[in-house]
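Below are the chains, spelled out letter by letter.
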Amino acid sequence: MTRLNALLRGSEPAASLPSSLKDFQLTKRKALDTVLLPTRKTENWKYSAKRLGDINGLPADLKTSSGLAEKTDPNTVIIENGQVAHSDIGIAGVTLKTFDMLSEDEAKVVMQGVIARSDDLQFAQLNHAEFSNGVFVSVADHTQAEQALRIIIRHSGQGISYSRVFITLGKLASLTVIEELSFDDLGGASALLNSVTDCTLSAGARMQYIRSDMDQQAQSKVIGATGVVQNRDSFFESHCLGLGTHLDRHDFRIEMAEPGAECNLNGVCVTQQQQHYDNHTSIEHIAPNCQSNESYRCIAGDQSQIVFNGRIHIHRDAQKTLGSMSNKNLLLSNGAEIDSKPELEIYADDVKCAHGTTIGQLDEQEIYYLKTRGIKDEQARQMLTLGFVLELVRANPIAEIAEQWEDKLASLLSFEQ
Amino acid sequence: MLSISNLQASVEDKQILTGLNLEVKAGEVHAIMGPNGSGKSTLSQVLAGNEAYEVNGGSVSLEGNDLLDMSTEDRAREGVFLAFQYPVEIPGVSNLQFMKTAINNIRQHRGQDEINAAEFMKLAKQKIQQVNLDPSFLKRGVNEGFSGGEKKRNEIMQMLMLEPKLAILDETDSGLDIDALRVVADGVNALRSPDRAVIMVTHYQRLLDYIVPDYVHVLANGKIIKSGGKELALELEERGYGWLGIDEKAKA
Ligand SMILES: Nc1ncnc2c1ncn2[C@@H]1O[C@H](COP(=O)(O)OP(=O)(O)O)[C@@H](O)[C@H]1O
Ligand SMILES: [Mg+2]
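Here the protein sequences line up with chains A and B, keeping their order. For the first sequence, the numbering used here gives the first residue as 642, with consecutive numbering after it. For the second sequence, the numbering used here gives the first residue as 5, with consecutive numbering after it.
Looking at chain A on its own, in the form it has when it is part of the complex (with noise of 0.2 Å):
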């Protein structure tokens, strides 16, 4: 069995981090001592592992491109193998700053997110143990930040990089942040990009997130975790998009941790040919009076493979719990596979809680009904499997967005090559 500390590469933790966050790193690295690199018989790994491959085989050497991370607008922070590139932005309200630039007291904040406190996190773990550097957002009480924040997550080259992002909402504040995940041209050369963003909302504030995952080079692999802490009546929502690579995986940590906070996670996935793409995302209902809505739709083509695990952990305090999950497949070939699970406990009696999930092919009588009016077969199973997912993707509060997947989507799954 491989020991996860087998990846580490870094010998100890940078010298200009904080003392805190270094000791934190350090108290990491121990305890990778225990942790195992996942096999398929690890839980939460049963149907992604094999995809894990010789991970332990990627080199250390991570050479950052020349010229890749061109600045391109104010709103926009570039990550690029774990290097705060640029750094400077201008949204009035929002201040950026890198970990080495944090005081002990911003540093401690980082190590209570969510993910920074989710031990059964392999790679989230890994990444606490390793990162060199990362990118600290607050955005002041009661701002309401008028541009969004763009965070572009680079990774090039052959080896793992490690990113890491922690983002703060004063009371009443609010933010839009849009995550990117990219890829370099790797040229097949093998990668691992390892992202962890931690969000901690104060009282009222609202936070919308979109995060995209979009590349699809066959060597490319890509571990994340997102994590949430919602304090009283904040709102927070989210709208995903991931398309396959060999190896995808997205741990969405939502923590319901005062009364009357509420979030809607929306999530699309596509894989093709012999792609994977692993949801696994978690709403802790800790707090009374609290309401989690999650909707992921997922389509499924060639070879290729999805996971869908919804947990929803609804703790014995927290009444008048209304949840509802929501998870949509669509398979469009025999040898594609999709595993959807719904995860659900629930300890308090007064809560409702309604989930679904569904694994499907195409409806016959919506192909045939747009055939009578004289729509192509291709066409119709093409409009329909497109139609599928835009029902979220539309739901995109930034136009803008919506209309750059939809593009997308639309050249992905039209059958027409």
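Derived from the structure by calculation, the hints contain no laboratory data. Hints may contain errors.
In silico contact screen, one side only, chain A against chain B (beta carbon under 10 Å); selected entries [unchecked claim]:
no., residue
1, Tyr1009
2, Lys1012
3, Thr1013
4, Met1024
Derived pair list, reagent style DSBU-like, types lysine-lysine, alpha-carbon separation capped at 30 Å [stated by the list, open to error]:
no., chain 1, residue 1, chain 2, residue 2
5, B, Lys29, A, Lys1017
6, B, Lys104, A, Lys1017
7, A, Lys969, B, Lys143
8, B, Lys169, B, Lys129
9, B, Lys227, B, Lys18
The beta carbon of each residue, even a glycine, is placed where N, CA and C say it ideally should be.
For this one, chain A is given, so just place chain B with the ligands on it according to the hints.
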């Protein structure tokens, strides 16, 4: 235009149409009436090309061509249009996208260029107004969350946009209030012309006050058992189906 001879069809091993004959000429409007379960929708679906129904006898020709030999989409391209009794909801595909794709398929079939975007929008807005639906319905998913009446109007809107040679309306009048019924009737009347034909399947005489048919047929047990002029509809209204030897209750 349409010639149906001894048509027999079954669904799930149940024989529904048992030898149906019908001649429809260009310019004519035919009403087909009959009790529930007599096979009216089956006839409509067979003509449109629904593969859930198996044709096991007889023939149908459209302007001399074998209709049953054509694919569903080719029938539509040749000018057959069915307004569904139960229109299908397709979330995610907008009405606009749907109609534009349909029109372009039909135009391509005729060797015409694709419709230009401005021309299409103008047409769509005009037709949606004609059926008294708010233009916002064009952007919505096809029939998605539409009320029963809105779905029927949307069927008529599609018919007006596609301008079929042969329109088959399967109980488009059922469940409509009087305003919606007028909208449907006006739509059909607007389409009437010497080179088009209409088959209206209906359960009630009411629609025929607004669209006056040239012929009325009674369908029972999978056959047309009586044909006449528009006065036959009135007679059915007054006397029910019993006098024709049909036990309506047993069929419904
Ligand atoms: N898809 C189907 N599967 C099974 N039975 C059907 C189906 N469609 C119609 N039938 C049956 O065929 C008969 C005729 O139905 P239909 O053509 O819908 O009658 P109508 O439209 O005159 O009310 C009914 O007994 C009905 O139950
Ligand atoms: Mg019927």
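Quick check on the hint: methionine 1024 (chain A) CB to chain B CB, less than 10 Å?
holds, 5 Å
Assess, step by step, whether the Cα of lysine 227 (chain B) is no farther than 30 Å from the Cα of lysine 18 (chain B), and give holds or violated.
holds, 15 Å
What's the verdict on lysine 104 (chain B) and lysine 1017 (chain A), does the C-alpha distance respect the 30 Å limit or exceed it?
With a Cα-Cα distance of about 13 Å, the restraint between lysine 104 (chain B) and lysine 1017 (chain A) holds, given a limit of 30 Å.
Restraint outcome when tyrosine 1009 (chain A) is required to lie within 10 Å of chain B by C-beta distance:
holds, 6 Å
Interface hint compliance - threonine 1013 (chain A) to chain B, C-beta minimum distance less than 10 Å:
OK, holds: threonine 1013 (chain A) within 10 Å of chain B, min 5 Å.
Tell me if the straight-line CA distance from lysine 169 (chain B) to lysine 129 (chain B) falls inside 30 Å.
Distance of about 22 Å is within 30 Å: holds.
Would the stated hint for lysine 1012 (chain A) survive a check requiring a Cβ distance to chain B of less than 10 Å?
Status holds, d = 4 Å.
What's the verdict on lysine 969 (chain A) and lysine 143 (chain B), does the C-alpha distance respect the 30 Å limit or exceed it?
holds, 23 Å
Hinted pair, alpha-carbon criterion (30 Å max): lysine 29 (chain B), lysine 1017 (chain A). Please report holds or violated.
holds, 28 Å
Taken one by one, the earlier hints all hold for this structure without exception.
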